[in-house]
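Please model the complete structure; the sequences and the hints are all you need to start from.
Going by this note's numbering, the letters in the sequence shown line up with residues 1 to 137, in that order.
If you're looking for bench data, these hints aren't it; they were derived computationally from the structure.
Check the hints yourself; a few may be wrong.
[Claimed, not checked] EDC-like, lysine to aspartate or glutamate: derived pairs with alpha carbons at most 20 Å apart:
#  : residue 1 : residue 2
1  : Lys30     : Asp63
2  : Lys78     : Asp52
3  : Lys21     : Asp103
4  : Lys30     : Glu60
5  : Lys78     : Glu60
6  : Lys78     : Asp102
7  : Lys30     : Glu16
8  : Lys30     : Asp102
9  : Lys78     : Asp103
10 : Lys78     : Asp12
11 : Lys21     : Asp63
12 : Lys21     : Asp52
13 : Lys30     : Asp103
14 : Lys21     : Asp39
15 : Lys21     : Glu60
16 : Lys30     : Asp133
17 : Lys78     : Asp133
18 : Lys78     : Glu16
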Amino acid sequence: MAALTGAYDPQDKPGELVSYKVGANAVIHKGALVSVRSDGYAYPSRSGTSSDVFVGVAFESADNTGGAAGAKSVRVWKSGTYVYNGSGFTQASVGQAMYAADDNTLTTTSTNNQLVGYVVEVLSATQARIRIDNAVR
1 MAALTGAYDP QDKPGELVSY KVGANAVIHK GALVSVRSDG YAYPSRSGTS
51 SDVFVGVAFE SADNTGGAAG AKSVRVWKSG TYVYNGSGFT QASVGQAMYA
101 ADDNTLTTTS TNNQLVGYVV EVLSATQARI RIDNAVR
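Below is the structure:
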């Protein structure tokens, strides 16, 4: 393909919701960062587990306490920008990769953590808005 020489409509689709089966005894809260573990089920994102795959942001809560893996499902946003907690954010953080420390906290530490997105706006030293589209699987 050649480089563009004029306007181009890339046929953008708005963010979509995808349903994932929830892991045994897992509780996913609305707004949580959600990952799929090696068993193929959704759980709240966590740190220190490089095999987990970030899949998006929980659209709703799902409580599978006492339930078998897959007994409940959770819908997950696959794109968009969201505000999460962290520490040490400055204007220089814009564009920086963020990884899951847990289901509500961001870190710049990539070792054994899942990439969840990139900072698009710094709201305070402890909160930033991230865009998840480039990280979600």
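Quiz item: Among all the numbered hints in the text so far, which are the ones the structure does not match?
Solution: none
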